[in-house]
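Following the hints, put chains B, C and D with the ligands in place on chain A, whose structure we already have.
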Amino acid sequence: MSEAVSTKTGSGARLGIYRMMLEARRFEDRAHQLFMEGLVRGTSHLATGQEAVAAGYAAAMQPDDLTFCTYRGHHHTLLRGTPAGKLMAELLGRADGVCGGKGGSMHLTWVPAGAMGSYAIVGAHLPIAVGAAWAAQERGSGQVAVCFFGDGTTNIGAFHEALNLAVVWNLPIVFVCENNLYMEYTPIGSVTAVERPAADRAAAYGLEDIQVDGNDPDVMYEVALTTLAKARDGGGPSLVEAVTYRHAGHSKADPATYRPPEEVEQWLKRDPIPMYRRRLSESGTTEEELLQVEQKVESSIEAAVEEAKASPDPSVASTWTEVWADGGFRWRN
Amino acid sequence: MSEAVSTKTGSGARLGIYRMMLEARRFEDRAHQLFMEGLVRGTSHLATGQEAVAAGYAAAMQPDDLTFCTYRGHHHTLLRGTPAGKLMAELLGRADGVCGGKGGSMHLTWVPAGAMGSYAIVGAHLPIAVGAAWAAQERGSGQVAVCFFGDGTTNIGAFHEALNLAVVWNLPIVFVCENNLYMEYTPIGSVTAVERPAADRAAAYGLEDIQVDGNDPDVMYEVALTTLAKARDGGGPSLVEAVTYRHAGHSKADPATYRPPEEVEQWLKRDPIPMYRRRLSESGTTEEELLQVEQKVESSIEAAVEEAKASPDPSVASTWTEVWADGGFRWRN
Amino acid sequence: MAELITYREAVAKALAQEMSRDETVYLIGEDVAAAGGVFKTTPGLLEQFGPKRVRDTPISEEAIVGAAMGAAMNGLRPVAEIMFSDFLATCWDLVANQIAKTRYMTDGQVALPLVIRTANGAGVRFGAQHSQSLENWAMSVPGLKVVAPSNPRDVIELMAASIRDPDPVIFFEHKGLFADRGEIPEGELVGDLGKAAVVRSGTDVTLLALAAMVPRSLEAAEKLSAHGVEAGVVDLRCLVPLDTQTILAEASATGRVYTVEENPRLCGWGAEIVSIIVEEAFYDLDAPIVRITTEHIPLPSSDPLEDAALPSADRIIETVLRSLD
Amino acid sequence: MAELITYREAVAKALAQEMSRDETVYLIGEDVAAAGGVFKTTPGLLEQFGPKRVRDTPISEEAIVGAAMGAAMNGLRPVAEIMFSDFLATCWDLVANQIAKTRYMTDGQVALPLVIRTANGAGVRFGAQHSQSLENWAMSVPGLKVVAPSNPRDVIELMAASIRDPDPVIFFEHKGLFADRGEIPEGELVGDLGKAAVVRSGTDVTLLALAAMVPRSLEAAEKLSAHGVEAGVVDLRCLVPLDTQTILAEASATGRVYTVEENPRLCGWGAEIVSIIVEEAFYDLDAPIVRITTEHIPLPSSDPLEDAALPSADRIIETVLRSLD
Ligand SMILES: Cc1ncc(C[n+]2csc(CCOP(=O)(O)OP(=O)(O)O)c2C)c(N)n1
Ligand SMILES: Cc1ncc(C[n+]2csc(CCOP(=O)(O)OP(=O)(O)O)c2C)c(N)n1
Ligand SMILES: [Mg+2]
Ligand SMILES: [Mg+2]
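Going line by line, the protein sequences match chains A, B, C and D. So the first sequence is numbered by our numbering: it starts at 1 and just counts up by one. So the second sequence is numbered by our numbering: it starts at 1001 and just counts up by one. So the third sequence is numbered by our numbering: it starts at 2001 and just counts up by one. So the fourth sequence is numbered by our numbering: it starts at 3001 and just counts up by one.
Be aware that one or more of the hints could be misleading.
Claimed, not checked - No more than 30 Å apart at the CA atoms, straight line, and that leaves these computed lysine-lysine pairs for DSBU-like:
{"id": "1", "chain 1": "C", "residue 1": "Lys2052", "chain 2": "B", "residue 2": "Lys1230"}
{"id": "2", "chain 1": "D", "residue 1": "Lys3223", "chain 2": "D", "residue 2": "Lys3195"}
{"id": "3", "chain 1": "A", "residue 1": "Lys252", "chain 2": "C", "residue 2": "Lys2040"}
By construction, these hints were calculated from the structure, which means they are not laboratory data.
Bound-form chain A, shown alone (with noise of 0.2 Å):
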């Protein structure tokens, strides 16, 4: 696993990066503050710990290109640029939320921002986001789909087809992997035949085989930035390992006691946002500047959680919207 610290990233990139993870951890600690409180119903799987990875991509993407991520996707969402409040709202199953609360937490959509949807069944987004690198590439728009997954997903069918359809028709598409070391909550690899579930699995498509340190931004930025361009100058696919860890449990349900408390505590210590701001304090940011991004990131996330709460709930009538393109659920005439 590359350790290296990049150099590339600029002071201005590593600012940007370090609000957006803040903004990702900020934003799943309200979640989850709301959901205590009653109001995120349902379920909701938080990314906490996993925001470097989120953020990394985010701020190295094109504002069109395109992003497919899982139930565990609210920072990716968010980070690609949707309104926290719509996003907040949506959780909260209101009539601002970015799909009127139809989606839920789990099914988060913003195609303004060009996040293309959470997917909920595990594998599901790998092909679809190969469908949309590949009309992509036939319109010549330039855009680079980028779709996230668990490791859990690497034993999945989908993933299999997918990965390999996207090398044959060398598709502008980059594959992360964000192995946080569990499925639910069995480890991976007590299911998983090789060690690296993504990374030793890359030389079955062809492809240069990619494991990163999934808690180091700079890191993620960089191999970011590498694999957009060789997905958008025609290289096609990449297949990118990111080894992180999630700081709670798999869902709103899990209290995580599978897990081994050094194992836990090991990745507390590297929780990418203290070490980020370190970095980014080492490397000259001040505290002043620092303090306000953080600042800014706490207001405006609790902006977006005013917002959401202030949402009303969605009328009743919308519950029979949208099944059809003429807005409407009509299926006879």
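Leaving out everything else, chains B, C and D with the ligands in the frame of chain A:
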């Protein structure tokens, strides 16, 4: 690709393997003729040219080992010991067919011989074979499951899921990819991310890279012995890519005009049957012995054809039997 | 002595009962072993039966269900969990094309005594891809038996019957019922597949319901009583085999039938049963049979929308009363 | 001038018409390009539109259908071929959970103008896994439009309409009809989804049929005429949207309705339509509606068995006559 001629195969085994290949070939030739006469209905997929793979494995397998194969499975089913007459009768849709006419050419099963089915939907039988191997392991039965499939099958998701699970559970199973260079009409190279569709994927499951000459029965027999022994001794799965060629089209409807004539010609020169006959001759088998085997095969398959032709149509009433274990089809009380 | 247990506890109890009885019964699925299941329906089984008989799998639904099929061909009686019934779609070829058809295609050579258990249904705000009621998918495929219990006792009795059945059974556990409690008697419990239960008798109208729609129909029936309408409620329990005897008897008795279906409108189990009643008891009908279903829409996640989408007791009451006007 | 072409030629013609009109229409699938399709439904398209717009894929149904979905999200109007409709099961998650639900789940942000074409139906001795009639699978999933033409002209008109439709369409081409010929007029042909056709009028009974069951019903209707029974035949053409207007009008006119369904018995499209008629035209019915279907069995391969399994003209006639006794 290993080109070494085995020295392990004893001359008795060799004559047996020769006989098996002849049986398979003769069976396919007659099936083809019967199709031309309008007696084989539906479709049929001949394995002409691929006999060495089936013979090598069938010769090496124990009687209670289990074979799972595809619609291109006459050869595998026959060589495990399924009565040829009952097999041919199934192709003709007759009452005495192995499946009473319900299965047809693509769906041949003969449990008494361990021929656990030819599966006509690509990929499906790989996880099923995994399950049979799992039961063998749990019951301590000592059986090995051998699962045959084509090159095209390596690109479907079920392949990936089956390989991974088999390795994680360390099951007694051998996956044999009969790489005949084509899926239906499409060259495998044009739709696959790697050059060797199975062998180049072995590492993705922590398996050894094994590609062998699928037209050399000695090589096949040897790799069969090795992989079966490994599985039986608790050494877990193997993935074998046997490179071979089908002499005719994909199915009875296919004149196979998409294949370069030189390619066909070159492979016809490598027809495993005359090659093997020569090798047997050169290593001491007498012409008389060979002719005797050939005549025996000829007459046994002819007898099978007669038996099949003599078999009546299934009774119409059998249309409604064996949906359920009670023998019937009633879904209501 | 009778015991009060939850629907989710009943699942574990049923599995333990059958795994104790028959050592060829195995349980596999994602997070079923160490974690005791994501719905906590299988806790304690790993400890009781060990890591071979209760086993975690990768996220590989085709491999899970395929493994169950292959194992059933070779001497085991596997129970495979597909975590949410929606995920049956990811292994539908194995379920609908292989498992369902293999006995027939082999003319009876291959028996497949296996159970696929899966969490089905809505009401927990999980949205369109984790809330579907898919009993009709299974019902439409010849060769699959289909069970969907509405209470803890039925969970045990029908699970035991399913595991002992020589044919493949798709066993739908309802997510919205997991916390419901019910009484169960002591000792081994085994039921029969293919028997509906008249859980409330009523002379005016008949409500045909399944799984979570059973308590909802009972609630509606109680309230209808106050409106002077005595509604019978039939818990179908099994869709295949289907207890057409009970259905037809109840339908003929009242002449006014309603299905209460959680599934979207088109081609639900209700459509099938309506068609059977119409063909076989037409002249006993006093009025059109009315299907009370979710509209033909995917399910929304937000509370008020999900509540509006599913058949409610109020909607049942209104529909019945309006039709009696 | 009118031209006589086969059903399979109509497929290629329709695709060519739409691909010429709209350069965002793409065709992908196994063996669709160089080989012109295993049913020879797409010959010439590669030559006419080039290797980018007509493209062979690996055997990866999830990738094929997923690629179509992703491409539809990003500016193309893809047509994906799934070789046999039975194989829809191998990508059913993508079809039923993703494609069908995405517009709704995103509250209309994502449109999915795509077509999945697939060879459906029996009669060619391919056995249980290559012969299914699965229109009801698609009909049961909210968010999918479902088309199943019975003749060459409808193939063209409905394919054009499907490709132009802003919603996902599952387009069932019937294997048993590929060689059938029919007349088509000159020029661009575009039809409407959701319009049934009364292909034979009849005052005594109404036969509701789809795809290959349409010619079979017509044959039966001709023969019934000799028995003094005038049978109307409705070609449903589309199951979603469903032309309930035509169905209800015809049902009410004769009061005696029969569905003629190739699918196995339980939860077919017929069950749905019977239920609609019963609910909305109950008092116009003179007799029970009878469904003429394949029994609830997988399909056998052998000729006499397959023939016995499927609804035949004789069975239609007998059923009608018996019910009129
Ligand atoms: C096909 C399918 N199977 C099972 C699930 C249930 N499930 C949801 S998340 C999850 C674990 C996924 O693990 P991973 O890919 O590592 O992602 P992570 O949650 O760790 O981000 C499982 C099994 C699902 N959603 N879809
Ligand atoms: C899931 C699925 N997709 C497509 C098909 C149609 N089909 C039948 S055989 C075949 C080619 C298979 O190629 P390969 O695996 O190389 O086996 P071969 O026929 O060469 O022995 C295809 C595409 C199928 N049967 N199942
Ligand atoms: Mg994970
Ligand atoms: Mg091949």
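How the hints compare with the structure:
Taking the CA atoms of lysine 2052 (chain C) and lysine 1230 (chain B), the gap is about 21 Å. The hint holds against a cut of 30 Å. A threshold of 30 Å between alpha carbons decides the hint, and for lysine 3223 (chain D) with lysine 3195 (chain D) the separation of about 27 Å falls inside it, so the pair holds. With a CA separation close to 14 Å, the supplied pair lysine 252 (chain A) and lysine 2040 (chain C) stays within the 30 Å bound.
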